[in-house]
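Construct the complete structure from the given sequences, taking the supplied hints into account.
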Amino acid sequence: MRIEPIRAAGGRPAHIRHDDDLISAKGVSVVMAKQLVLQNIDLAIPKGSFVSLIGPSGCGKSTLLKVLAGLVHPTSGGVSIAGLSPVEAARKRMIGLVFQDANLLPWKNAVDNASMLLGIADKSLSRAELRARGQEMLELVGLGDSAHKRPNELSGGMRQRVAIARALALDPAVLLMDEPFGALDAITRDQMGQSLLEIWQRTGKTIVLVTHSIDEAIHLSRHVHVLGIKPGRITESLDIGLPYPRDLSVTEDPEFVRLVVQLRTMLRASHQPGGAS
Amino acid sequence: MSDQPITNLSEPRLASNWAASTSSWLPAVILLLATIVAWEAVVRIFAISAFIIPAPSEIAKSLVAQWGTLTQATLVTAGEILFGFLVSVVVGVAIALVIVRFDWLGRALYPLVVLFQNVPKVALAPIFILWFGYGLAPKIGLILVIAFFPVTLSMLAGMQSVDRSLLSLMNSVGASQTQILFRIRVPHSLPNLMAGTKIAATLSVIGAIVGEFAGASDGLGYVIQFASTQLDTALVFAALLLVSVLGIAFYYAAEILERIVVPWAPKFSQA
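Protein sequences appear in the order of chains R and P. Once you know that position 225 of the first sequence is 225 in this note's numbering, the rest is easy, because the numbers rise by one and skip nothing. Once you know that position 144 of the second sequence is 144 in this note's numbering, the rest is easy, because the numbers rise by one and skip nothing.
A portion of the hints provided could be inaccurate.
[Stated by the list, open to error] What the simulated footprint calls covered on chain R by chain P, stretch by stretch (three residues with Cβ under 8 Å from a Cβ of chain P suffice, anywhere in the stretch; the number is not a length): (1) 29 to 41; (2) 60 to 73.
[What the hints assert, rightly or not] Pairs of lysine to any residue residues, derived as SDA-like cross-links and limited to a Cα-Cα distance of at most 25 Å, are as follows: (3) R:K230 to R:Q194; (4) R:K123 to P:R183; (5) R:K123 to P:A175; (6) R:K108 to P:Q66; (7) P:K198 to P:L166; (8) R:K108 to R:G156; (9) R:K149 to P:H188; (10) R:K149 to P:E258; (11) R:K92 to R:A121.
For the record, the hints were derived by calculation from the structure and aren't laboratory data. We treat Cβ as the ideally placed atom computed from N, Cα and C, and that holds for glycine.
Structure representation (C-alpha cells):
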C-alpha cells in the first residue's frame, strides 16, 4: 500500500514519524470475529493538528479511533501517543473521547456531567474544584449559563456540547471524536463544527474526528484520511490547504468546492473492495 | 432538533394538569358510582340473601358496626405489608448488587433465583407457619419470597442496560468496577427499580393476606376467614374493601417515592 505524502504546515511528509507527531500508528491490523477489520494502518498525526477519518460504513474508521483510544487492541502493529501506549495515555488523562451519543448522566446537571470523568480520573479534587472546572469547560463550549440544567432540559446540540466539555475537562492532549455531530440536524451540525474549530484554536488540542460528512471533513480539518472497505485500510490522504481561521463562508470558496469534488472522487473509489494494492 | 433550550416544567402547567387529571378521573368515578347504585338496586329488587351478596348499604353498616375490630385488623395487616415490603426491597436490591458486582457468584445465583421464581410461593404458606409459628415472622417470610423477585429483576435490567460507550468512557479514565457500579449502574437502574418496587408493593399485600389465611389470629385476612365461617358476608366484603384501600395506598406511596427518588426519569420529563 502506498500513501501519498501529505504536506504538513512545515512542508515535511506528514506520514513519516517525526518528533512533532503526537500519535503514530504503525502497521495496525485488527481482526474481529475472524474478519480483517483494519489492515496495516500507518498513521501519523502531528501535535496540534485537526485530522478527519472518512470512509464508507464498515470501513473500520470507528474501530481505528477505538484503537487510538486504547479501547480496542490491535491484532498486530502498535500505536504510540507521545511515546505511550494508548491505555497508558488514557490513564494519564491524555485522551478525551466524544461519541455520537452524548451519554450524559440524566440525574446530574450539566456542570456535574462536565466534571464527572475528571472526578473519576483525579480523586484528589474536591467537589468545589470539580464544579469550578466543569463550569470553566461549559463556558468554553458556550454553555456557561446552562450549568444547572439536567440533560432532559437540553437540546441534542447542547447535550453534545456538554459531552465535549466533559472530554476537555480532563485537559487531554488529544480529542478523539466518533461522529459527534452525526445525530444532529444540518444547521446545528454546522454550528457545532464551527464551535469545535474555535475550541480547537483556543486550546491547541490535537483533534481526530471520525465523520462521514465530506463538507464537515473539509470545513474543519487540516488533513483528511480516506478509508476503504474490505479490508479497512487508508486508501488516500488529502491535505486541506484552506487557511485558518475558517468560518462557514469557507464552504463557498472555490478551493473548498474543488476539494469536495476531489474527496468525493476518492470516497467513491474507496467503496470498491480491494486487497492490498 | 435546534440548539434552543427545552423549557422546563413550570408553574402555569400545574393548573392545566389539574384540569386534565380531573377529566381523566371523572369517567372512572361515574362508572364506580353507577355500579354501586346498580348493585344496591339488583340486591333489593331480587331480594338476594345478604350472606350471598350483601348490598353496598349492608357492607357500609357492617363497616361502621365492626369499625373497632376492622381498624385494629387493618393496622396489623398494614404493619405486615410495610415490614415485609421493606425487607423485600432490601433483600431484592442486595441480591441484584451481588449478581452484578461478583460475576462468578452472579452466575451461580441468578439461575437459582429464576428457578425459585417458578415455585408456587403461595403454597409455601403452610410450611412457613410450621417453621415460624403464627406470629409476624411467617408473613414477612411469605411476603419476601413473593415480592423480592420483581425488585431484583428490574434492578438487574436497569444496571445491565448502561450504554457501552459510557462504559468505554469510564474505562478509559481507569474507573474501577466498584466506581462504575455505584456512580453509573446503580443510579441508572433507579427508574427500573422503582417500577419493580411498585409491583413489589402490590405483591406484598397479597403475601400478607395469604399469610393470614394460612394461620393467624389477627389481621384483615383473619377477619375475612373468620367472617366467612360465620356466614357474615357483609363483614367479608367490608374487610375486602379495606384490603383494597391498603393496596391502593401502598401502590401510591411507592409512586410518590418514585417521584422523589427519580425526578429525572424519562417518564417525568415528557411534556
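Here is what the structure says about each hint:
Residue count for the segment 29 to 41 of chain R with a Cβ under 8 Å from a Cβ of chain P: 0. That is fewer than the three needed, and the coverage hint is violated. Note: the segment 60 to 73 of chain R has 4 residues with beta-carbon separation from chain P under 8 Å; the three-residue rule is met and the coverage holds. Of the pairs offered as hints, the one joining K230 of chain R and Q194 of chain R is violated, with about 33 Å between alpha carbons and a cut-off of 25 Å exceeded. Under the criterion of a C-alpha separation no larger than 25 Å, the hint pairing K123 of chain R with R183 of chain P is consistent with the structure, at around 13 Å.
Restraint check for K123 of chain R and A175 of chain P: the C-alpha separation of about 11 Å stays at or below 25 Å, so the hint holds. For the hint pairing K108 of chain R with Q66 of chain P, the CA-to-CA distance comes to about 52 Å; that exceeds 25 Å, so the pair is violated. About 28 Å separates the Cα atoms of K198 of chain P and L166 of chain P, which puts this hinted pair outside 25 Å; it is violated. A distance of roughly 16 Å separates the Cα atoms of K108 of chain R and G156 of chain R; the hinted pair therefore holds under the 25 Å criterion.
Taken as a hint, the K149 of chain R and H188 of chain P pair is honoured in the structure, with Cα atoms around 18 Å apart against an allowance of 25 Å. For the given pair, K149 of chain R sits about 21 Å from E258 of chain P by alpha-carbon distance, which is consistent with the 25 Å threshold. Taking the CA atoms of K92 of chain R and A121 of chain R, the gap is about 8 Å. The hint holds against a cut of 25 Å.
Taken one by one, the earlier hints fail for this structure at numbers 1, 3, 6, 7, listed in ascending order.
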